[in-house]
Each structure stands twice: as structure tokens, then as C-alpha cells.
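Dock chain B against chain A, hints included.
Taken in order, these protein sequences are the chains called A and B.
Under the working numbering, think of the first position of the first sequence as 170, with each following residue one higher.
Under the working numbering, think of the first position of the second sequence as 170, with each following residue one higher.
Warning: the hint list may mix true and false statements.
Treat identical chains as interchangeable: a pair holds within one or across any two.
To be verified - Taking lysine to aspartate or glutamate pairs in the EDC-like style, the calculated list, with each CA pair at most 20 Å apart, reads:
1. LYS556 with ASP176
2. LYS306 with GLU231
3. LYS619 with GLU397
4. LYS579 with GLU317
5. LYS188 with GLU226
6. LYS306 with GLU184
7. LYS636 with ASP234
8. LYS514 with GLU611
9. LYS556 with GLU652
10. LYS306 with GLU223
11. LYS306 with ASP234
12. LYS386 with GLU226
13. LYS615 with ASP517
14. LYS615 with GLU507
15. LYS615 with ASP566
16. LYS188 with GLU344
For the record, the hints were derived by calculation from the structure and aren't laboratory data.
These numbers were taken from a predicted model, which means no experiment stands behind them.
Number of protein chains: 2
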Amino acid sequence: MLKPDYDLLPALSGEDTTKDFFQELVNILLSYVCKSFRRSSKVLDFHHPHQLREGLEGFSLELPDQPENLEQLLVDCRDTLKYGVKTGHPRFFNQLSSGLDVIGLAGEWLTSTANTNMFTYEVSPVFILMEEVLLRKMQEIVGWSEEEGDGVFCPGGTMSNLYSVLLARYHFFPEVKTKGMTALPRLILFTSAHSHYSVKKSAAVLGIGSENVVVVKCNDRGKMIPAELESSIITAKDQGCVPFYVNATAGTTVYGAFDPLNAIADICESHGLWLHVDAAWGGGLLMSNLHRVKLQGIERAWSVTWNPHKMMGAPLQCSAILVKKRGLLKDCNQMCAEYLFQTDKHYDTSYDTGDKTIQCGRHVDVFKLWLMWKAKGSEGFGSQVNKCLENAEHLFDKLNQRPDFELVFKSKPEHSNVCFWYIPPSLRNMPPGPERNRRLHEVAPKIKAKMMEQGMAMIGYQPLGDKVNFFRCVFSNPATQTEDVDYLLEEIASLGHDICIRIETDL
Amino acid sequence: MLKPDYDLLPALSGEDTTKDFFQELVNILLSYVCKSFRRSSKVLDFHHPHQLREGLEGFSLELPDQPENLEQLLVDCRDTLKYGVKTGHPRFFNQLSSGLDVIGLAGEWLTSTANTNMFTYEVSPVFILMEEVLLRKMQEIVGWSEEEGDGVFCPGGTMSNLYSVLLARYHFFPEVKTKGMTALPRLILFTSAHSHYSVKKSAAVLGIGSENVVVVKCNDRGKMIPAELESSIITAKDQGCVPFYVNATAGTTVYGAFDPLNAIADICESHGLWLHVDAAWGGGLLMSNLHRVKLQGIERAWSVTWNPHKMMGAPLQCSAILVKKRGLLKDCNQMCAEYLFQTDKHYDTSYDTGDKTIQCGRHVDVFKLWLMWKAKGSEGFGSQVNKCLENAEHLFDKLNQRPDFELVFKSKPEHSNVCFWYIPPSLRNMPPGPERNRRLHEVAPKIKAKMMEQGMAMIGYQPLGDKVNFFRCVFSNPATQTEDVDYLLEEIASLGHDICIRIETDL
Numbered sequence: 170m171l172k173p174d175y176d177l178l179p180a181l182s183g184e185d186t187t188k189d190f191f192q193e194l195v196n197i198l199l200s201y202v203c204k205s206f207r208r209s210s211k212v213l214d215f216h217h218p219h220q221l222r223e224g225l226e227g228f229s230l231e232l233p234d235q236p237e238n239l240e241q242l243l244v245d246c247r248d249t250l251k252y253g254v255k256t257g258h259p260r261f262f263n264q265l266s267s268g269l270d271v272i273g274l275a276g277e278w279l280t281s282t283a284n285t286n287m288f289t290y291e292v293s294p295v296f297i298l299m300e301e302v303l304l305r306k307m308q309e310i311v312g313w314s315e316e317e318g319d320g321v322f323c324p325g326g327t328m329s330n331l332y333s334v335l336l337a338r339y340h341f342f343p344e345v346k347t348k349g350m351t352a353l354p355r356l357i358l359f360t361s362a363h364s365h366y367s368v369k370k371s372a373a374v375l376g377i378g379s380e381n382v383v384v385v386k387c388n389d390r391g392k393m394i395p396a397e398l399e400s401s402i403i404t405a406k407d408q409g410c411v412p413f414y415v416n417a418t419a420g421t422t423v424y425g426a427f428d429p430l431n432a433i434a435d436i437c438e439s440h441g442l443w444l445h446v447d448a449a450w451g452g453g454l455l456m457s458n459l460h461r462v463k464l465q466g467i468e469r470a471w472s473v474t475w476n477p478h479k480m481m482g483a484p485l486q487c488s489a490i491l492v493k494k495r496g497l498l499k500d501c502n503q504m505c506a507e508y509l510f511q512t513d514k515h516y517d518t519s520y521d522t523g524d525k526t527i528q529c530g531r532h533v534d535v536f537k538l539w540l541m542w543k544a545k546g547s548e549g550f551g552s553q554v555n556k557c558l559e560n561a562e563h564l565f566d567k568l569n570q571r572p573d574f575e576l577v578f579k580s581k582p583e584h585s586n587v588c589f590w591y592i593p594p595s596l597r598n599m600p601p602g603p604e605r606n607r608r609l610h611e612v613a614p615k616i617k618a619k620m621m622e623q624g625m626a627m628i629g630y631q632p633l634g635d636k637v638n639f640f641r642c643v644f645s646n647p648a649t650q651t652e653d654v655d656y657l658l659e660e661i662a663s664l665g666h667d668i669c670i671r672i673e674t675d676l
Numbered sequence: 170m171l172k173p174d175y176d177l178l179p180a181l182s183g184e185d186t187t188k189d190f191f192q193e194l195v196n197i198l199l200s201y202v203c204k205s206f207r208r209s210s211k212v213l214d215f216h217h218p219h220q221l222r223e224g225l226e227g228f229s230l231e232l233p234d235q236p237e238n239l240e241q242l243l244v245d246c247r248d249t250l251k252y253g254v255k256t257g258h259p260r261f262f263n264q265l266s267s268g269l270d271v272i273g274l275a276g277e278w279l280t281s282t283a284n285t286n287m288f289t290y291e292v293s294p295v296f297i298l299m300e301e302v303l304l305r306k307m308q309e310i311v312g313w314s315e316e317e318g319d320g321v322f323c324p325g326g327t328m329s330n331l332y333s334v335l336l337a338r339y340h341f342f343p344e345v346k347t348k349g350m351t352a353l354p355r356l357i358l359f360t361s362a363h364s365h366y367s368v369k370k371s372a373a374v375l376g377i378g379s380e381n382v383v384v385v386k387c388n389d390r391g392k393m394i395p396a397e398l399e400s401s402i403i404t405a406k407d408q409g410c411v412p413f414y415v416n417a418t419a420g421t422t423v424y425g426a427f428d429p430l431n432a433i434a435d436i437c438e439s440h441g442l443w444l445h446v447d448a449a450w451g452g453g454l455l456m457s458n459l460h461r462v463k464l465q466g467i468e469r470a471w472s473v474t475w476n477p478h479k480m481m482g483a484p485l486q487c488s489a490i491l492v493k494k495r496g497l498l499k500d501c502n503q504m505c506a507e508y509l510f511q512t513d514k515h516y517d518t519s520y521d522t523g524d525k526t527i528q529c530g531r532h533v534d535v536f537k538l539w540l541m542w543k544a545k546g547s548e549g550f551g552s553q554v555n556k557c558l559e560n561a562e563h564l565f566d567k568l569n570q571r572p573d574f575e576l577v578f579k580s581k582p583e584h585s586n587v588c589f590w591y592i593p594p595s596l597r598n599m600p601p602g603p604e605r606n607r608r609l610h611e612v613a614p615k616i617k618a619k620m621m622e623q624g625m626a627m628i629g630y631q632p633l634g635d636k637v638n639f640f641r642c643v644f645s646n647p648a649t650q651t652e653d654v655d656y657l658l659e660e661i662a663s664l665g666h667d668i669c670i671r672i673e674t675d676l
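Bound-form chain A, shown alone (with noise of 0.2 Å):
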């Protein structure tokens, strides 16, 4: 019965005892692995909050005073693995991220063996040019000039979104870092209503206020109407209010829609607003030369949102934030604290990049890409962005031919969101009325709840607008095929099925 603290390493005489608690650890984790990619193992093994939490089988979560030993540490590492999510599940489509990508995976492992801070040149030498190597090459990709272009990697799509609203404040009223928004006319922020909640978080965060960010209505495919940005604007204007900033989404949470990026353009430049693109979740189609062209008019954004863990499949989290105008990052965030940022180092302290930060110590999110960017080439994440797209469009095929679902919108998809109700037989021809609504709103929560209990599969469900709760699919899982994609449609039909005869019989 061992105990870590006296047998492994940094113990003498521990390197033994240590590789051999990473060998069976290893092949815990592999074996997770193996297992999450075969069709024939669960997606989950579902158990309520107190279920787990009263302890399953043996499995406690509570903190001992004493040790425990080696082997029931790897008892809780089953255990923990057995009671998660196989988010790289081929038949896991609840989320914008999906997938596990198994170099991305090995990158984590050697990250976090390195164990060091993105803040400072001297402790992450080789991540701080990688991460410099990435952001060039996103940024190139995007479709600024050699001259243009900054950024940084930050924790996840909510963070970088962020930024862009901070930057554009501090761009137009530098003050604001010293004096704060006392010093400042009344700001507001547009964005459209199908855009991610971030931007109103990080209104509200930055001391804006929800309030102040106008919602621009969006056409019926959620894409923004720029002629109504644009009177928005005008109406802000006339109450006195300074429009400072506007993000236009390329690739909406829930629809997958590309807002129409030079016509909002046009209106930024007329008005001298700052445009941001938040491409969290489109921005891996820039890497495909057959969806690219969806993103047509990028290039002419002051700042970018792009994250590589959801479209490119990199593990949890890998978000950046572009920014195109060179030093921003740093006038705007540099607090030069002396014990981090000396100035008389022997190395270019430019690369001591963590003072462009709102953070102090910054995780190293960088290594898993540029891995998978060395295993993949650009061309290989355009191939996986192809795929995951022709999955959607075979979904579209599939339901667009099936009387037991309806689609939210006709037109294909744009991005891989593939977004439908299941119709139960009972409302199959009853007509559109507040009735079938309030009845349909009940359908999708009660199916994916039976899904979770059996664990086969995952997929997410919302309302949105006047719409009623409707299943979101998305495809970020490269190794998630056409045969998924059916088996899908087969559980939520047989499921629904189910669930509504029951529901039908106890009336």
C-alpha cells in the first residue's frame, strides 16, 4: 500500500515507483481513449447531482486528512473517467467543441508536464514563439498585411470576446484606463440577437452596462440586418449616445449564421465604429477553400475572435484574440509591475509578452495547436472542416425527406448547426397555434432527458426567439460519421415515439 508523498518522486529513490504509477495510469487513460472513439460504449452513464455526490459504489469525493494510497488513487481516477462525458464520442453533438483529438491530447500532456507560465520569455521561451508563429499565422489567414496584426491566447471564446470591447474603448478614449467611465459620454455596443451573450457579459463586466448594448434584429436565417445596424446607430446618435463599437458574428451559436460582414463593414467605416468579428466558432472555415468564402470581408475587422477548440478540434481551451492594430494590446493592459517586466534583462523583453494580458499568469494554450498544425498541415483542417460540414448537409438531406421532423429554417446550412423539432404523431396535423407550440416546447427537453438516462448519444436543445425548444446539431467531431448522423435521427424518432404515446395515454 503505497503512499504517494513518501514513494514518488521527488522521493529518492522514486523514479521506479513513479513510472510505474504512469504506466497504469496511462493505460486508464488509453483505454478512456479506445473506448471513446467505439460506437458500442456509452456516451455517458448518467447519475443525478446527489447521486454522486453521496458516493456511487465506493467512489468518494470528499477530502481526507490522511494519504490515501497509490492504487486507490487510481481507483478515483477510473472512477471519475467512468462517471464524465465522452466529449470525443462520435455520437457526442451537444457542444460547439467535440471531438478529442489525440495529437491535441499528447500536446496537453507535454504542456502540462512543462508546467510553466505564458508571462514571461524567460519561463516559456518556446511557447511564447509558438504562440507568436500561431498568431502570425492566423492573422495571415484572416487577411492582414505583414504590418497589421497582433494578439493573444486567452481563456476561451467569453475572454477574447472581451478584449475586443476593452480595446475598442481604450483605442477611442485612452483615458479610461486611468480615469475610468465617469470620464466618458455614454457608450454603446451593437450586436446582433442571434450574437453570443458575451458581448453583453462583457459590457456589463467592463462597467458599460447590458443596457447599453443595442440588439440588432437579424433576418430569418439569424443573420444581421444591416440596414437595421445602421438605423440603430443613427437613433443612438440622436439620444445623445456615442456608438463606439459593433460585433458582427461569423457563425451564431445556435443557427450557425454568417452576419453579412463587408455591408457591416461599410456602415463601421462610415461611422468610424470599431468592427470585431466574433469567429469563435466560424473562424475554422477560414481554413477551408471551399467555406472560406463565407467569411468574405473578415479582413477588414479591428479585432477577431477565433477559437481553435471548437472548429479545429483542439482540446479545451484554445481561444485567440486578433487584434489588427500593432501595440494596443499593450498600451491599453501594461501595468509594467517590476518584480515580472524588468526592463534591464539580457534577453528582448518584447517577447515577455504577459503585460499585453488582462491576466497575470496565463496557461499555456498554445502547444496542442501548433502540434496538431505540424500532424495536420493547414491543409489537413481544411479536410476536417469538409467533413464535419458534409455531415450537416447529409443531416439537412436526411430530415429535409422525413414527415416526423420539421426543419427551423429551409436553406442549407451555412455553417455544420443543423437546427429541427421532432414532430410527435399527435401533433403531426394539428395546426400552428399557441396549442401545438406549447406542446412542442415540451418535446425536445423530454427526449433529450430519456437520451442522457440511456446515454447512446447527446445533442442540445433551446428556444430562441418565437421559435419553441428545438434540437441545435453541430459537427466539430471529425471522427463522427454519416452513420452517426442516422442513428441520431433513429434514437430521437424512436425516443419521441415513446415519450409521446406515453404522455398521450395518461391524458
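Same frame as chain A, now just chain B:
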């Protein structure tokens, strides 16, 4: 010459190739881990940015269009580690975060294999519950009652401190979330001259403005002077401003000083101000029965930052913001995005904690800490802290005995920070004054540059207030022994002697 995308999972029959690839990777990683603990190995193999940029011995950072083969990827992994810094080495004294806890590392490997997101219970059931258990335990250790306490793990101590300011502002002025700072009076924050720069950074980001952070004077030992705090508060009020928040530091970055928490809490109570305790660095001492007395009064804080990735040795990143008032995090940050936080789910959605945060997706930072806690028990963390502080005392004693070193402050270290100058022979008999200071200021950077080139140890330096550049040694790595402390002193003395002789000769 295997190509990753054709041969690894999810490729059909990719299981064996995947396992073989990981086996080779694990050999590389474990050999690095073992080397990190060996005193005969170098801490780093320094190269300037332009040297790494140009490619060393075939190590190219450039991103290809076409895939590389698996052998090349393994070579890249080896090179990445080779040119990095061994932050787990017993002679790496450069950062508050050091060491390589192998159980923590195992936790990170599992975390990245699980590759999921902390926003909802449905995709992170086990990790969400582990976060709850850890936060509850930490709140209990801080000294809050069972009815109090909330919190969240977030990407680093600067973010945790930003949360504290955000929450304090919302607590007093909830309208700020929707209306922004323009609806508010001029708010003032207080923090000590020795506190971390993140308080000013937070004020800048949140739109309060860095000039509205009042820097309170410290005594010689780097502790905030309560009378100075009180008079600053009164002055601010007299000027028509609204004080609302005080940051007290438990373990300052450079001196490792503890602010007098009870005295500060008294002042906050009498003026009705939010008391935050930044225990990012000092929080670990709460685990030690010997040293937790230094944080007396922390239970009176309204919020606490505590970074287990510092003194408790958890891998990067692992930082918690603890909040006394339950529900505040949610009220302040929630945006109720319906695609993620549906209220008609079939489980208890109070476990969908993502809406409490300022992020959307959030990295799993809890598992490594949970596993380490199982491996060490609370008592194991206590012993680890005690050992680090014994090393600091050993260094302090040694410095006291030597004529070639001078302590920055004469009293025994409270935390594991020890601050000192190396005094070259030519300065030993020079009277204090500007000329001596000018020359002394150049000593530490020169020694550090030479030390990094030789690569056998790493230590930080900085100026502070009227003190010219001095070394700050910190201990958070349980692998460090007193022999390493002795080695460091000899190394500094020998490099310092050589350098100074050379300078004298040049003159």
C-alpha cells in the same frame, strides 16, 4: 513514415498505432520528469528569441501546409522540452509557482483526456461536484460558517482579484450591471503599496480607472499601515468620492508580508467597506498549524483569492475566488443564455455553475487539486508548507552569517520569501548613497543573466520603492532541500565575484 491523420484514432484500426505513439511520448515525458528532479541536470538551456526563431538543430517552429509524420512529431516534443525551463527543478527559485507535483501532473493528464468544460453539469458532472467539495473545504479552512460561502475556480489570481472588485461593486451598486459606471458616483479602492498589480489592472478593466485605486503606505516590512488606510478613506470621502473596497494582502509578492487583517477588518467594518483578502500566495499557509496564525482575521473577509498553484504546488493553473455572500456571483454575472442554461432540464440545474462566471467555457482546474488532496491529505499539504518555510529560514540564517550578502529586511521571513543583495567586494566598504545604489542596482541583473546562460539555477530580482535591484528567493517546491539553498548562495557569490572583478578590470 506514418502520417497522424491516417493512422491514429479515429482511423479504423488506429488503436494500436495510437497506443504505440503515446507509449513513446510517455517515455519522453517521464524521462523529462525524472531529469527535472536531478540536481546534475540543468534548469534551462538558454537561447535568445532570435536563435530559437531561426531554428536550432532542425527544430523549426514554422507551421506546414502538409502533415508531418509521427516520428517528426516526437522529435518536436523532445525539442520543445529541451529548450524550455524545468520549473520543477529543485533549483528553480524564479517564481511563486514552482515544483512538479507528480500526482498533480497525473491529474492534468486525466483532465485533458476527459477534455470537457465546466459550464454545465450535463457535460462535467464529476468535476462540477469536485469543485463544490473543494470550494466548501477551502471556505471551511478560511473559517466561514456552513451558511456562508460561494466561489469559483478561475484562470489565475489576477482574475480572482478582478472578481472580487466586480462583486464588491455589484454588491453596493447592482444597477451597474445594466446601467454601467456612468450611473455611479466616483468609486475608490484601497490597496497597499506592496500589493499585487492586479488590483490596479482590475480597476482599469472594469472601467473604474487605475487612478481611483488609492495606494496605502506600508511599513518597512511591507505591511499595510492601518492608520494610513483609515486616513486615506477619510480623505477620499472628504473629496466627495465613494470608498467601497479594500484589498488586504496575505503574502505579498516580493516581501511575503502579511497585512494586519484584523485591524484592517475593523476599519472596513466601521466604514462599511468590502474587505477582500488577496491570499493568492499566502493562502497555502492556512494548511499549516504552525503558520496559519499569520492569516488571523481572514475569516472576516468578504472575499478571498487563494491559488493552490502557488504554495500548495498544484500544476498551473489553479486559483479560487471565495465569496462569503451566497448567490452574489450568480446575480452579478448571470445572463441566462438559453442555449446553455435551459431551466427545463431533468436534473437540478443549480449545478450548472457556468452562469456564475465571467467566462462561458471554463477549463477544468479542479481535478488535479482534488487528486492531490486525496494523495496528501490536508496534513500532507501542511507538512509541505512547513518544509518550504524551513528552507526560507535556512536561507535567512545563512545570509545573516555572510559578509558578502545583505538582507533587504532584517526580521525573520513570515512567508517563504527572502530578499537580499549580493554585495561585490568593491561595494562592501562604500558608504550608502546614490553612487553605491547606482552600482548595486546593476549587480543582480548581471548575475541573473550569467546564471541563465549557465543554466544551473534561476532566481528573480526587482527594485521596490527606494530599494535598488535585489534578489527575491521563494520556496514553493517541496523537492528543494537545504543543500539547494546553499548551492544557490555559492552560485550567486561566485558569479557575482567573477562579474564584478571583470567590471573593475574594465574600468
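Cross-check of the supplied hints:
1. LYS556 with ASP176: between (48 Å within a copy, 17 Å between copies)
2. LYS306 with GLU231: This pair counts as between: shortest inter-copy Cα distance 9 Å, intra-copy 46 Å.
3. LYS619 with GLU397: neither (41 Å within a copy, 62 Å between copies)
4. LYS579 with GLU317: neither (40 Å within a copy, 51 Å between copies)
5. LYS188 with GLU226: Classified as neither: same-chain Cα gap 29 Å, cross-chain 30 Å, threshold 20 Å.
6. LYS306 with GLU184: neither (40 Å within a copy, 32 Å between copies)
7. LYS636 with ASP234: For LYS636 and ASP234, neither the intra-copy (52 Å) nor the inter-copy (43 Å) Cα distance is at most 20 Å.
8. LYS514 with GLU611: between (63 Å within a copy, 11 Å between copies)
9. LYS556 with GLU652: Answer is within; shortest intra-copy Cα gap is 13 Å, inter-copy 58 Å.
10. LYS306 with GLU223: So LYS306 and GLU223 pass the 20 Å test across copies only (16 Å; inside, 49 Å).
11. LYS306 with ASP234: between (49 Å within a copy, 11 Å between copies)
12. LYS386 with GLU226: neither (52 Å within a copy, 56 Å between copies)
13. LYS615 with ASP517: Answer is between: at 15 Å across copies they meet the 20 Å cutoff, but 59 Å inside does not.
14. LYS615 with GLU507: For LYS615 and GLU507, the Cα distance is within 20 Å only across copies (16 Å; inside one copy 57 Å).
15. LYS615 with ASP566: neither (25 Å within a copy, 69 Å between copies)
16. LYS188 with GLU344: neither (55 Å within a copy, 56 Å between copies)
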